[in-house]
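Visitor: These are the residues of each chain, in order.
Number of protein chains: 4
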Amino acid sequence: MNFRSDNVVGVAPEILAAIAAANEGTAPSYGDDAVTRRLERRVAELFEHEVAVFPVATGTAANALALASLAPAWGAIYCHEASHVQTDECGAPEFFAGGAKLLALAGADAKLAPATVAAAMIERGIVHHVQPAALSISQATEAGTLYRPAEIAALGAMARRHGLAFHMDGARFANAVAALGCSPAELTWRAGVDVLSLGATKNGALAAEAVVFFTPAKAADFAFRRKRGGHLFSKMRFLSAQLEAYLADGLWLRLAAHANRLAARLSVGLAALPGARLRHPTEANEVFVELPEAAITALAAAGVGFYRWGGAASTCLRLVTAFDTREADVDAAIAAAARIKIS
Amino acid sequence: MNFRSDNVVGVAPEILAAIAAANEGTAPSYGDDAVTRRLERRVAELFEHEVAVFPVATGTAANALALASLAPAWGAIYCHEASHVQTDECGAPEFFAGGAKLLALAGADAKLAPATVAAAMIERGIVHHVQPAALSISQATEAGTLYRPAEIAALGAMARRHGLAFHMDGARFANAVAALGCSPAELTWRAGVDVLSLGATKNGALAAEAVVFFTPAKAADFAFRRKRGGHLFSKMRFLSAQLEAYLADGLWLRLAAHANRLAARLSVGLAALPGARLRHPTEANEVFVELPEAAITALAAAGVGFYRWGGAASTCLRLVTAFDTREADVDAAIAAAARIKIS
Amino acid sequence: MNFRSDNVVGVAPEILAAIAAANEGTAPSYGDDAVTRRLERRVAELFEHEVAVFPVATGTAANALALASLAPAWGAIYCHEASHVQTDECGAPEFFAGGAKLLALAGADAKLAPATVAAAMIERGIVHHVQPAALSISQATEAGTLYRPAEIAALGAMARRHGLAFHMDGARFANAVAALGCSPAELTWRAGVDVLSLGATKNGALAAEAVVFFTPAKAADFAFRRKRGGHLFSKMRFLSAQLEAYLADGLWLRLAAHANRLAARLSVGLAALPGARLRHPTEANEVFVELPEAAITALAAAGVGFYRWGGAASTCLRLVTAFDTREADVDAAIAAAARIKIS
Amino acid sequence: MNFRSDNVVGVAPEILAAIAAANEGTAPSYGDDAVTRRLERRVAELFEHEVAVFPVATGTAANALALASLAPAWGAIYCHEASHVQTDECGAPEFFAGGAKLLALAGADAKLAPATVAAAMIERGIVHHVQPAALSISQATEAGTLYRPAEIAALGAMARRHGLAFHMDGARFANAVAALGCSPAELTWRAGVDVLSLGATKNGALAAEAVVFFTPAKAADFAFRRKRGGHLFSKMRFLSAQLEAYLADGLWLRLAAHANRLAARLSVGLAALPGARLRHPTEANEVFVELPEAAITALAAAGVGFYRWGGAASTCLRLVTAFDTREADVDAAIAAAARIKIS
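Residue numbers (the numbering used here), protein chains in the order written: chain A, 6 to 348; chain E, 6 to 348; chain B, 6 to 348; chain W, 6 to 348.
Keep in mind the hints are simulated off the structure, nothing from the lab.
Note that the coordinates shown come from a computational prediction; the quantities given were computed from them, not determined experimentally.
Misleading hints may appear alongside valid ones.
Which copy is meant is left open, so a pair is good if it fits within one copy or across any two.
[Claimed, not checked] Once the Cα atoms are required to be at most 20 Å apart in a straight line, the calculated SDA-like pairs of lysine to any residue come out as:
#, residue 1, residue 2
1, 223, 123
2, 223, 131
3, 223, 166
4, 223, 77
5, 223, 280
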């Protein structure tokens, strides 16, 4: 009953099998292999668009390398104040982008509104100021909420108007696609997204993310940045194989839909407890719920793993479901919290 | 018959099995798991020394992060002009070390002599000059040669005398240990090495290297550097499991000894050809041999994979054996080259 | 009648004379000269404390180099959202500090309160987060307001409690000292400040600032950072001579007191106009005043130079007085604005 | 009799007068002033070419900012192993260029030959290698020697062929122009130079250099780099005034010709001593001469300032003349060395 994160779980069997299957004979190293080439075609097909695809192993690498491709060292990157790039990557975007500045903005449910970004827009061409360069949003967000296609398109239009490149941190992109029932295209390039960090690790991969450029011209230097960052795998086929299996036959969406469904179940169950209140709507696979301390104690006592969101004294919990979360565990968690409340 | 590199091969079965075995239940992420803790103890035991161990996924990450821990941005890092850090990492050490300067020195068979480094020593404390900070050597070297313990110790003594931290790029450290029959301790901290990039990927892992600090004080910031570089794996257990299996029951040395033995066989066979000449002695798992163009053509025609060392016009070949190279392939390669020479 | 900034004016005669006087014979370069040594003693005497003093030519260099000495690349630097380091240096602190993150906080009149900083304190030791490293405040602030000694001391105590080094951007430090009638010591090291960017350029120098470390241990690497940043002058005596003259015989405070007095006069005059409102109290040499558009037009028509604070549509003006502002110009500006209002 | 460097001397009277003359009234800050605009036109006229001109205060800033404009972080910058950018800037080019790699090459008399650079050319497009980006030469060189126009043109042609941008460190460009009697154009853009660091500090300015782009497109980001590096002066007119006076009425060439003439006189005198040998031909204002230890002792005893070139034990001296070196001092130095030799 470990709901601390979707990275405490292991690897989906299909993906582990794909790794084993890729372990056949020799293959050109550093991405010049057949699996990687098939992956590129698969991503293009899936997104219905020409793409440049770069597998890496961590979400931080995907985001930081992507943003470094979009912003010069004197660039400003607009993001939400709760975004992973701002709060949870130990400054990786600044490191890879040579000291570019993240401008962290507020917004309900960890979502940015176009007007918020536009209001913070720095006038261009004045040498004293960092220069507007990129917009980065997370889909699903760090609050477990989702941008609708129209919301992304509005951000995309605003970005275009202000000359911002548009990056999407899709560490939980599958959860968003599964929940919204949109096409991947609708949520990305059709809405103006230039680059997507397409996550797989949190949804069943061992360690695999793909940086997907819908504007391949922006990818011109990416290969050098990736190598120079130590993120080019010599045995690349094993990264690509994870991603290929992930995207094959809808596996990624099945895994995500499962996590989403159990998060909804957990959310409904916990929100119904006396004194409980959802901090954010549960739209993907994360539940943010304020609970009475007694319920929290009960959960902990029952061995349920969670985070106190906002520090050790917080009574808002984050619980995250994963591709392999069991319904019985969800129900047991709810029961544990409920039982104590009754007594 | 692909001898292009030891990274064109796949994963040793024992290591693949360890990955699968680690895929059990949930585990704390980011290295706070049981496998990673066991790995740390194992490395300490193997090296007979207190260590700080940081798994990463690529050799470039291991080297660049290690060097960044040893040199300030205004530091000088002494290395061989043929070293991987100088020639094959697209400037990763400079990137991670904030623009530190690699001073590339000459030396026969890709080995540095203490006197060469000492002669290039920059006077300390003069603000116009980068400041001597670190020495980095490769073991085995990029020429497939080996430093003997006494040679490393002499470098270590020189480094200490000049206030240099001492780094060893051990992408092929197993091959060195297997070939020399020394203890890991003898080749590292006993000879003055502060930090080792302990490679596994080239010797049967999927993607796993360990940065091993013998001077843990120097590791104080490493965790931040690794995270900030995007090299902290959320599902760390799968990196650690590779390394644990690698170092268990002598697997790493068995795999390396096999590669070394077949390299020696290949070396002897090719060197015996008319017009052939070894460029460097074959001491680990790499063969550097100058061959008549006809023999090279014959090898290529027979489907043997190799690199022309030094560019497309070079008649010096590099051939690398791996943990799973087949004796029959070695013999077939030799025969292919020999056959043509006769005709 | 140019009140756009205190950097549109020239050089105080005493400082120009000192430059000419320093142009005598040869002198050791790069700061090993007699003038620079005298300067160091003078600063120590003035601040009643052991100091390490590094002349540079721009305020941006002073601030960025100082902050880089206080924060690692993965450090967090707490500052006001209106501070020069955050808004007006094109990311120089991030550049020099290797991508450290500025955390920009709110506060009335461009001043930070200890509680605001404490509330934003990031928990230490968690590898995902940048690590609290430094606090930077401006004295006088970008709103032309002043921290009292007790306010600085409270920030200093908070900084010490949280392990933050404490930097003061003193581009207008003279204006603060002159206005508050405190000793330089009281406003700096006695209140916990570790490093001061002691400005002179805005108050009569040609181009000269001194980075003053009250905690010399923190200055260990500064000389390398300065050189590497291109900020070490070969003919250093001409920087030092400016600063020596500036600090001799109370010149710096006379110049600043003059500017302060005329700012007060301008502030009173403009604030008395119908429809006028001071945005911030006028405590140093900057006036921030909201005026009716007609008054603004009148000022412009009369050839008065100013900035519309917050963009071209703003009706809040910034007017800055300098060491050589003439009383008649202040009165003429007030009259210009008043005249139109009457008509 | 201080021949240690051309930066131990002061400021030419004409330049000091220009600084004083610029101290008139208020002027727009940060380079938007009349003096700076006049300077731009003057440089264009002098070089007979469209230019973008950026005044900075130090040669290190000029070189590092120029190179950062020409090379990406993963770029290779070809330079001489004795060049200032390689040996005397504490890694500033690497810092400003985000960790680009300087490839230091040999060449007689501190000059690079096209073939040497071409032979070191890294193959493009291979992600493991830094990518050829720029060539940087010094004119005059660090050995006090000169490239002839045809030599520069040959390097320029080679650079163009290999896609390298071409930078010239002209810290002593005036000495070169004065000695060769060429037009500035001939030595720069006509020979393929893209960017010149045009020095003035070593030849009579207080602290002023101009980065001159002959390919203005390459200057697109320079203003941001300069600001971000802390190298944008608020009272820019005082930098520009130095450069304007320097380039007016041939002052720069008169000053340089004087230094050159006295260097020649010093060179002839010292080379004629028994046991003396010129290390490099004396073509500009630097003399490199090997002398018997007794002569060196005699020079030192007579109060002559010089450097032992290559360290404290070297018997090769560097003596540098300047714009205001006195003939009598040159003769006295020669006599001092000669006298002792005779006794």
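Visitor: Take the hints in turn and mark each one as holding or not.
Guide: These are the hints, each one checked on the structure:
no., hint, in the structure
1, 223 with 123, "neither (23 Å within a copy, 30 Å between copies)"
2, 223 with 131, "between (24 Å within a copy, 19 Å between copies)"
3, 223 with 166, "within (18 Å within a copy, 26 Å between copies)"
4, 223 with 77, "both (12 Å within a copy, 15 Å between copies)"
5, 223 with 280, "neither (50 Å within a copy, 50 Å between copies)"
Of the numbered hints stated above, those contradicted by the structure are hints 1 and 5, listed in ascending order.
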